[in-house]
Amino acid sequence: MLSCKDISHLTSELLDNKLSFSMRVKVKLHLFMCHSCRKFVEQMRTTVDTVKGLKPKQPKEDEVNQQVEKIISTIKELDSAKHK
Amino acid sequence: MTNYPNEQALITQLLKGDEQAYRYIVKNYQSSMQYVARSIVGTAIADEIVQDAWLSVIKALPKFEGRSSLKTWILRIVSNSAKSRLRKESRQFAAGDAADLEILSSLPSEKFNDNGSWATPPKHWDIASPEALIASEELNNVVHRTINKLPTLQQSIVTLREMEGLEMEDICKILEISESNSRVLLHRARTKIWQAIDKHQGKENVEL
Numbered sequence: 001m002l003s004c005k006d007i008s009h010l011t012s013e014l015l016d017n018k019l020s021f022s023m024r025v026k027v028k029l030h031l032f033m034c035h036s037c038r039k040f041v042e043q044m045r046t047t048v049d050t051v052k053g054l055k056p057k058q059p060k061e062d063e064v065n066q067q068v069e070k071i072i073s074t075i076k077e078l079d080s081a082k083h084k
Numbered sequence: 001m002t003n004y005p006n007e008q009a010l011i012t013q014l015l016k017g018d019e020q021a022y023r024y025i026v027k028n029y030q031s032s033m034q035y036v037a038r039s040i041v042g043t044a045i046a047d048e049i050v051q052d053a054w055l056s057v058i059k060a061l062p063k064f065e066g067r068s069s070l071k072t073w074i075l076r077i078v079s080n081s082a083k084s085r086l087r088k089e090s091r092q093f094a095a096g097d098a099a100d101l102e103i104l105s106s107l108p109s110e111k112f113n114d115n116g117s118w119a120t121p122p123k124h125w126d127i128a129s130p131e132a133l134i135a136s137e138e139l140n141n142v143v144h145r146t147i148n149k150l151p152t153l154q155q156s157i158v159t160l161r162e163m164e165g166l167e168m169e170d171i172c173k174i175l176e177i178s179e180s181n182s183r184v185l186l187h188r189a190r191t192k193i194w195q196a197i198d199k200h201q202g203k204e205n206v207e208l
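Order-wise, the sequence lines are chains L and R. Going by my numbering, the first sequence opens with residue 1, and the numbers climb by one from there. Going by my numbering, the second sequence opens with residue 1, and the numbers climb by one from there.
Just so you know, not all the hints are guaranteed correct.
One side only, chain R facing chain L, incomplete, derived with CB under 7 Å [stated by the list, open to error]:
1. 26
2. 58
3. 122
4. 190
The set of hints was computed from the structure by calculation and includes no laboratory data. Note that the coordinates shown come from a computational prediction; the quantities given were computed from them, not determined experimentally. Just so it is clear, CB atoms sit at the ideal spot from N, CA and C, and this is done for glycine as well.
The following block holds chain L by itself, in its conformation from the complex (with noise of 0.2 Å):
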């Protein structure tokens, strides 16, 4: 019998899908009847969507023009030592 805490662990296998066969219907048969488990994965499953529905980090403005100066930069120096 899988006990509350080691729901806890295998809450990303079983959103995710990677529960085997036999194990996914231990958690089930858990989470069927432990109300406090059916929560904190539900929560997890909220806590997932969440962190998915965030944007990506963008470098700021001047660090993007900085970069985008520096590679063509590059670029062109490259160009021009191809045509010597």
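Given the coordinates of chain L, work out where chain R should sit on it, guided by the hints.
Showing chain R alone in chain L's frame:
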């Protein structure tokens, strides 16, 4: 921001040396490149690695065969630059070490009784949907702050996987960790974010 109908269109522009195309990939890929570099070599020389990687990207782009997405390809270049740098300095890349994964448990043990049942069961969340959590400025900040405070490898995995949508298999190759380690780290990161959200639930109501 210029949008490209498909990756090939973007690559065609990059090969022409088009500034807008480079602006697009810097904006969308640079943060991930930094995460990968930091995960492998640490913060101090991560920027150097990213610069080396850009040079390699420019040089190797004509040979890009499209067997993976452009982003995955670029991140592999970052990873290779970082690893060769470590080899040069004869340092070991320790990210995949089992020592880092000392325990599987990610929730504090006081959350559970000795028999493994909840000592403090999960509480009710007033803000309980992803949409509402993202819309709440306070909780949105909490999640971002928590991710920024995670160990670099967990940070990389959670952002590359959940926010950028890369395949776990590619992430493992880029960061040179095993599938099982990456799954443990992903679970830990998620659990920490859950704890942070949980801690802040109800706070906004109290302040009202």
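Check your understanding: Quick one, is the residue 58/R hint okay against chain L at 7 Å, beta carbons?
Key -> Given a least distance of 6 Å, the restraint on residue 58/R holds.
Review point. Under the criterion of a CB-CB separation shorter than 7 Å, is residue 190/R in contact with chain L as hinted?
Key: With Cβ-Cβ at 6 Å, under 7 Å, it holds.
**Study point:** Supplied contact hint for residue 122/R, tested at 7 Å Cβ to chain L
**Key:** Holds - the Cβ of residue 122/R comes within 7 Å of chain L, reaching about 5 Å at its closest.
Practice item. Return the status of the interface hint for residue 26/R: holds when the least beta-carbon distance to chain L is below 7 Å, violated otherwise. Key: OK, holds: residue 26/R within 7 Å of chain L, min 5 Å.
When each numbered hint is compared with the structure, no violation occurs for any of them.
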